[in-house]
Amino acid sequence: DAGITQSPRYKITETGRQVTLMCHQTWSHSYMFWYRQDLGHGLRLIYYSAAADITDKGEVPDGYVVSRSKTENFPLTLESATRSQTSVYFCASSEDRDGYTFGSGTRLTVV
Amino acid sequence: GENVEQHPSTLSVQEGDSAVIKCTYSDSASNYFPWYKQELGKRPQLIIDIRSNVGEKKDQRIAVTLNKTAKHFSLHITETQPEDSAVYFCAKGGTSYGKLTFGQGTILTVHP
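Protein chains in written order, with the numbering used here: chain A, 9 to 119; chain B, 625 to 736.
The reader is advised that the hints may include incorrect statements.
[Stated by the list, open to error] Incomplete in silico selection of chain B near chain A, CB under 7 Å:
1. 658
2. 667
3. 668
4. 671
5. 673
6. 722
7. 723
8. 728
9. 729
[Claimed, not checked] Taking lysine to any residue and the SDA-like style, the derived pairs with C-alpha atoms no more than 25 Å apart in a straight line are:
10. 681(B) to 734(B)
11. 695(B) to 672(B)
12. 661(B) to 109(A)
13. 661(B) to 67(A)
14. 695(B) to 639(B)
15. 666(B) to 91(A)
16. 666(B) to 77(A)
17. 692(B) to 639(B)
18. 666(B) to 20(A)
19. 681(B) to 109(A)
20. 666(B) to 46(A)
21. 78(A) to 28(A)
22. 646(B) to 627(B)
23. 666(B) to 47(A)
24. 661(B) to 106(A)
25. 19(A) to 86(A)
26. 666(B) to 639(B)
[Unchecked claim] Estimated spans, in silico, between C-beta atoms of each pair:
27. 11(A) to 675(B): 22 to 28 Å
28. 651(B) to 91(A): 17 to 23 Å
29. 77(A) to 706(B): 44 to 50 Å
No lab work stands behind these hints, which were simulated from the structure alone. We put the beta carbon where it would ideally sit given N, CA and C, even for glycine.
Here chain A stands alone, though its shape is the one from the complex (with noise of 0.2 Å):
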């Protein structure tokens, strides 16, 4: 599904480094997440916004920072990089409490 991208789809990072993943949906779809998946634990939820400027934490938001300026957007920051934040992150929107749509996914590593 084109309507939901993810950038970069690949980044080698430092630890101790910001570095900010980006997700862009065109449907206008009012919620937006952020997720991680490490073998093991399957998916578990970061981050959420219900509309622009209206955030919440999920289940691991340690060390991550979100934003909503715009319905379409919603980037995750890492603030300071470290090896235990390794993973693929996957962004997904939806609307209406319907499922999500997700986008290609970011693969992370920290060394």
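Following the hints, complete the assembly by docking chain B onto the known chain A.
Here is chain B on its own, set in the frame of chain A:
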């Protein structure tokens, strides 16, 4: 009340056999239960979903059943094919802000 337990974690079947994956939950508020399929290196994709006012839903070779009293729901795949090999995730939601809570995933392998 947040977790979803998914079983089995791995499932291996012969082509043409049926596959069943089961998920259980404990809260009473959830009323939306989707299933996602994730092929290797790709994004999870919604394959079927069910809401709490329905007990069963079918779409060709896949079906989902829901028992709200017992708090479990299952994915059934009939006449499996090698292209069904993937990781399958159940999820529950329908409560606050459209959040979904996912199960741990089942790795399904269909042998030709």
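Practice problem: May I ask which of the numbered hints given earlier this structure violates, with the numbers listed in increasing order? | Solution: 4, 14, 16, 17, 28
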